[in-house]
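Student: With the hints as extra help, turn the sequences into a complete structure.
Top to bottom, those sequences are chains A and B. Its first residue numbered 1, the first sequence is counted upward by one per residue in my numbering. Its first residue numbered 1001, the second sequence is counted upward by one per residue in my numbering.
Be aware that a few hints might be false.
Stated by the list, open to error - When the alpha-carbon atoms are kept at most 27 angstroms apart in a straight line, the in silico DSSO-like pairs for lysine-lysine are as follows:
1) A:Lys-132 with A:Lys-87
2) A:Lys-114 with A:Lys-87
3) B:Lys-1209 with A:Lys-114
4) A:Lys-114 with A:Lys-65
5) B:Lys-1209 with A:Lys-132
6) A:Lys-132 with A:Lys-114
7) A:Lys-65 with A:Lys-33
8) A:Lys-121 with B:Lys-1209
9) A:Lys-121 with A:Lys-132
Hints are computed from structural coordinates only; laboratory data are not their basis. All values derive from a computational prediction rather than experimental measurement.
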Amino acid sequence: MTATEAAPSSATGEVSGAEIRLEDVTKVYPGQKAPAVDGISLTIPAGEIAMFVGPSGCGKTTTLKMINRLIEPSSGTIVIGDQDVRKRGVDELRRTIGYVIQGGSLFPHMTVAKNIAIVPKLLGWDDDRIVKRVDELLDLVSLDPSRYRDRYPRELSGGQQQRVGVARGLAADPPVILMDEPFGAVDPITRQRLQDELLSIQRELRKTIVCVTHDIDEAIKMGDRILILQEQAHIAQYDTPDVILGSPANEFVADFVGAGSSLKQLSLARISEVELRSATTARIGERTAEVAQRAQANGDLAVVVLDDRDRPRGWPWLRQLKGETIVEPTEDLVNLDSRATLNDALDTMLSNGHGGAVVTGDRDAYLGVVDFVAVTDHMRDMQARANQSAAEAGSETGGTRIARSDDEIDHGTDLAGTDG
Amino acid sequence: MWDFIVDRRSQLLINAFNHVYLVLLAVVFATIIAVALAVLVTRMPRLEPLANAVSAIGLTIPSFALIGLLLPATGLGDTTALVAVTFYATLPILRNAIVGLQGVDANLMESARGMGLSEPAALLRVRLPLAWPVILAGIRVSVQMSMGIAAIAAYVLGPGLGVWIYTGLTQIGGKNAVNYALTATIAIVVLALLLDLLLILLGRVTTSKGIRV
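Tutor: Take a look at the structure:
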């Protein structure tokens, strides 16, 4: 739980992002005395997700929009990579920065493919390359290119529109992506899926992502770093989620993060930290009898059906397997990304009746199954570690840190104890 | 009346052609002027009340009066007719173009700019296509109205079916007075309906499937 701890996303891909540096950036709107953003200085390391949170009107969106110059700073410098954004042509600059806003903001008169192709076209890519890129991106955001490429936005659900919005932001492979409440307009279940997908994409691409949200839980889940802003974009705290939850810098942060922060720490634990069980798997088209035999040998009552690209499509019970061969399941299986939190995992497990959940990794490929026992074991470990480090921190810093109340710690122990 | 038409069919066709030509030319000019003004208004919203006032008051000016006012400047003939019809044709398109262009979601425009579309590109590729159905509705109103107004052009020796209406009026009581006026009026109505059909077709072809109602 230190500020220098390696970012949780330090997994697979090479960093393709660029560092963003804000130096004493101020924005005063004409006709207003008080600046909307008052001298913010900040470094966002390459390849990390920085979440901007704060009460409405705190200047988080203004700060975000100054990075791609949709709002021009009154003073100060913003550097991306090693280039001052003001030294570049504004349109040319924006073509190298992905921009994703609430609801996807797709152009309704253009097909999905045309929406995604906008920036590549502006950059003068040739048609073949654009077509290939569009399909690749649709694939990346889990939309079947042949089905969705030629649809219009109004023919898509909110979640699908948002996915296309993300694909559009990634289109020209920009090192930096700005997101403004990207998942604000979708229902909670879709939001969780989209968050997981974005995390999975990010694990592969390692862009620098700056994301504004009003949802502290989203910030804790998504952020490598969280920036908590007060009025006029004064930094209340800028640190990793662990530190912000474990030792809020001041009362504002503690209030903002809210009570029950030890419960929230459940949102910090990722499924990837929990030991996965391997379940019996089956391919579409395999002979049912063989599959059933395999499952019985493993002592499984259900099998995970995978498609030709290793993506779990269903989790039928053995008694539901009818016919000679395994057919494509029709159920809407809710998978968990391995970056999903334990909170999400508990949620999914409770809703599907299997007492577990199927976990997927990059490109939705099957990884394994997580069950209640694994989660509760992990929670107990975490609690033990948290108590230990709280005790250490208390004795080291002599109370400058806002200690979590005994209540909360007790509450956490209870929770871990109920299943033990 | 049938004999009357058959006897003068070539003249009728010429007049009808001239009438439609005058109206279409005027509406094309009007569309360009109206959309240009509307773009200006979208960029400077302070101008909007002014533009709306002009398009409201403009329509109350009697066409006879306007033609009279134009005479000293443009003289008798086609030019005066064209200017007068263009003036009236502009007003409904202007109003619709302002509504249409301003009605485009500000988030979409910001997202267009945020992706690096230049201001003209954002206008041409996002704002105009999205406002187009509303603008086209204005053009349809404008064409209908202009078909009627163009008849007045005969008064200043302009082209079109108005010539026969004028002939009919000056020969009141004469043998063919009613035939002249009636034939021209019916022709105007029929042509107006045909043009409207064509515009509906144009709308189908030029409006993206993604925003068609």
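Student: If a hint holds in the structure, say so; if it does not, say that too.
Tutor: Now for the hints, and whether the structure bears them out:
1. Of the supplied pair hints, the one linking A:Lys-132 and A:Lys-87 is violated, its CA atoms being roughly 33 angstroms apart against a limit of 27 angstroms.
2. Simply put, A:Lys-114 and A:Lys-87 have alpha-carbon atoms about 30 angstroms apart, too far for the 27 angstroms limit, and the pair is violated.
3. Between B:Lys-1209 and A:Lys-114 the alpha-carbon distance is near 13 angstroms, which keeps this suggested pair within the 27 angstroms criterion.
4. The suggested pairing of A:Lys-114 with A:Lys-65 holds, with an alpha-carbon distance near 25 angstroms, which does not exceed 27 angstroms.
5. Only pairs whose Cα atoms come within 27 angstroms are accepted, and B:Lys-1209 paired with A:Lys-132 is accepted, the gap being roughly 24 angstroms.
6. The hinted pair formed by A:Lys-132 and A:Lys-114 meets the criterion: a straight-line CA distance of about 13 angstroms does not exceed 27 angstroms.
7. A distance of roughly 20 angstroms separates the Cα atoms of A:Lys-65 and A:Lys-33; the hinted pair therefore holds under the 27 angstroms criterion.
8. Distance restraint check for A:Lys-121 and B:Lys-1209: the Cα-Cα separation of roughly 21 angstroms lies within the 27 angstroms cut-off, and the hinted pair is therefore satisfied.
9. This hinted pair checks out: A:Lys-121 and A:Lys-132 have alpha carbons roughly 13 angstroms apart, not beyond 27 angstroms.
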